[in-house]
Amino acid sequence: MGVKTKAPAIEQGAFFTTRLDAVLNWARKYSLFQYPFATACCGMEFMATAASHYDQARFGAEIPRFSPRQSDVLWVAGTINHKMAPIVKRVHEQMAHPKWVIAFGACASSGGFYQNYAVVQGLDRVIPVDVYIGGCPPRPEAVLDGLIALQDLIQTRGPTGHTGINPRQTKEVLLLSRQ
Amino acid sequence: MKRSNLPLEFGAEPMDIEIGPSHPAMHGITRLSTRLDGEVVTAVEVEIGYLHRGFEKECENSTYVQVIPYTDRLNYVSPILNNIGYSLAVEKLFGLDVPKRAQYARVILGELSRISDHLTCNGAMGMEVGAMTVFLWYVKAREYLWELTEEVTGARLTHNWTRFGGNANDLPDTFFDMLEERLKKVEAVLEEGVKMLFKNKIFLDRVKDVGVLSRERAIEYGFTGPMLRATGEPYDLRRAEPYLVYNELDFEIPVGTVGDSYDRFLVRHEEMLQSISIIRQAVAKIPKGGHYQHDRRAWLPDKTEVYGSIEGLIDHFKVIMEGSTPPKGEVYQAIEGGNGELGFYLVSDGTGKPYKCRVRPPCFNFVSALPEMLIGHYVGDIVPIYGSINMIGGELER
Amino acid sequence: MTAPAETPPITARVEEKFPGAVTASHQQFGDETITVAKDQYLAVMTLLRNDPTLKFNLMVDLSAVDFLGQSPRFQVVVHLKSLSLGHRLRVKVGVGEDGPEACTLPTISKLWVAADWYERECFDMYGIRFQGHPNLKRLLLYESFVGHPLRKDYDIHLQQPRVELRPVRERYDYQNRNLTDPSETERRPL
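So the protein lines, in turn, are chains L, Y and V.
Going by our numbering, the residue at position 21 of the first sequence is 21; the numbering climbs one at a time, nothing skipped.
Going by our numbering, the residue at position 393 of the second sequence is 393; the numbering climbs one at a time, nothing skipped.
Going by our numbering, the residue at position 17 of the third sequence is 17; the numbering climbs one at a time, nothing skipped.
What the hints contain is simulated information worked out from the structure, not anything from laboratory work.
All clues stand as given, with none of them false.
Computed footprint of chain V on chain Y, listed as stretches where at least three residues anywhere in the stretch have a Cβ under 8 Å from a Cβ of chain V:
{"hint": "1", "region": "45 to 58"}
{"hint": "2", "region": "213 to 227"}
{"hint": "3", "region": "319 to 332"}
{"hint": "4", "region": "346 to 356"}
So the derived label-pair ranges between C-beta atoms look like this:
{"hint": "5", "chain 1": "Y", "residue 1": "Glu322", "chain 2": "L", "residue 2": "Arg65", "range": "49 to 55 Å"}
{"hint": "6", "chain 1": "Y", "residue 1": "Pro69", "chain 2": "V", "residue 2": "Thr46", "range": "37 to 43 Å"}
{"hint": "7", "chain 1": "V", "residue 1": "Asp39", "chain 2": "Y", "residue 2": "Gly154", "range": "52 to 58 Å"}
{"hint": "8", "chain 1": "L", "residue 1": "Glu141", "chain 2": "Y", "residue 2": "Thr42", "range": "45 to 51 Å"}
{"hint": "9", "chain 1": "Y", "residue 1": "Ile253", "chain 2": "L", "residue 2": "Pro98", "range": "50 to 56 Å"}
{"hint": "10", "chain 1": "V", "residue 1": "Thr23", "chain 2": "Y", "residue 2": "Gln66", "range": "33 to 39 Å"}
{"hint": "11", "chain 1": "L", "residue 1": "Ala149", "chain 2": "V", "residue 2": "Asp153", "range": "43 to 49 Å"}
{"hint": "12", "chain 1": "L", "residue 1": "Ile148", "chain 2": "V", "residue 2": "Val163", "range": "28 to 34 Å"}
{"hint": "13", "chain 1": "V", "residue 1": "Gly86", "chain 2": "L", "residue 2": "Arg65", "range": "49 to 55 Å"}
Quick caveat, the model's predicted, so the values are computed rather than measured.
Even for Gly, the Cβ is constructed at its ideal location relative to N, Cα and C.
This is chain L alone, in the form it adopts within the complex (with noise of 0.2 Å):
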């Protein structure tokens, strides 16, 4: 990635100049296949936001792809148990780079307001999370907000999944690596 390419010297305006990544990173940002990974009640908000009222094709993620091989963007809707968590992880695994990870509701970001002997205390305590929506489970809206976050994430950063860090994490790993 990063190639430049040379602008050719035509003056007319009939072409334009790019990065490669640039272009790359737009396609992906509005192709993105999606596994959901709905569990419990934010599975029915999923379902709401992918059905036609809020529509989420318009954001470029409409088909839902229940192969983890085919698709770019894993969504965990809902609460991950100790039981689901070798699951979702093999799941993760699964799926090709680039790939990405949203945490959909508050369960999968923090466990949510079930502290106990079953629940995961987050999703990215088993696998690295790209976008967190909160909301106990989060409107239709917040679902596409956090859609579009993680757009601007792909393209401002490009394939992250690739390295499987996420991005709030790194930092730290730059400061480590500077040490």
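Given chain L's structure and the hints, the job is docking chains Y and V onto it.
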């Protein structure tokens, strides 16, 4: 596709297939370990627990009122019914009276909740056999109802609306303005659903005569709700043990004849129409009055009292810190939930936290009967049968 | 819990058939309840299911309550309903921790198939073993789980993860949420 009559000795070598827990038709969280002979299912083992969230343990560590939000997330397709069931149980324990208006409001919102539950189930059932359009339309109709409940409770899905002795707030005027228009829209969507599915050969072939469970076996398995009524047993708690104001309202109980997936679909469809009729009657009959009967045993004192008198302030402090304390004892209260008998069994030791708060989950029984419904069918029938039982993870595994 | 003036019909019928089996009964909040002796439990349940005047054909619920520090420690609670006669009954039976038959109870899954999963759940959550159960193993939790979470002496926060958990970041710097570190912005194309 009917039950296969092929003798098994002609079958191929048995093959084991794991379906789920991450499978689109498993609604996320159930695992079926099936053994197939050719295409015929010969053995099924169901594994659940992938959404076990420790509801009961959380309740034992919360005060009575703090449990209400947890009940929202049991059957998350019809949350208000769970709220109502739990509140009725606690009110029975405290011995509280609920004003008539609040009871009617509970009936109205509860029935709206039931419609959205059945819409989701029937829509998903259509989707699982390929009728994606029906699903999109039904979710659209559900959206109308959610906006309506949002008008009252402020939330789309997890309402946290009932309190002990009434409801958190009254039905606003805007609600009644919107209601009739929304009900008409839902009826129109249901009518479209009738046109789409009821004479659709593909749909009928997939759901008729599959997943049959006889009336006797259904009772053995402890079925309640639409699943039991589809077998012909007219057991509906709204009629059998009337709670709230259901004995003042007129409605029919639809029953099926065969007990297959199609009957379940039809029973749910008809129940939606009955619910709409119940809502219309309740709106016509709803009396004026308060939405909440204050009782200092069960809930916080009035704000003017808190700020104006030392007794009120102490009361408030005690309720917040220790919770409201019911008498010692045990109580069981069941209501007709979206899936059937939704029972709450509370044991109180006289402190502010429930000693035991047990939910009787209706779809627990349905899932336990899955092997009997699936064995002998083709593997392709697993999905429509599974769709017809309306498994809701939060309620199943709590 | 005051004793009712007259014995309700269901309790009377059970007492008539099995004298001494009912150790306690009450009708608090209108729910008729009997507590039966553990050795008579299966016989009483069979009677409740088959007797023509009782006909409890629907097993509604089975769970347990842990009275830590009391004897017997556990109480298994069964809710029954008769669809044809319309009455309900709650049956309770004490299960102790001590003795040769500690934490065991005969299964009723032969009488009602529905009890199969309820007993498995009860075993999972409270560790009460149901003798004669066809498939008594954990239902909601996983096999590697140690202990029974709904017992009162199980700590609510004691987790038993199945995968290695990633470390928790101790501190999250909200100020730099947008990654405004100079070394970062250099890499940002837009």
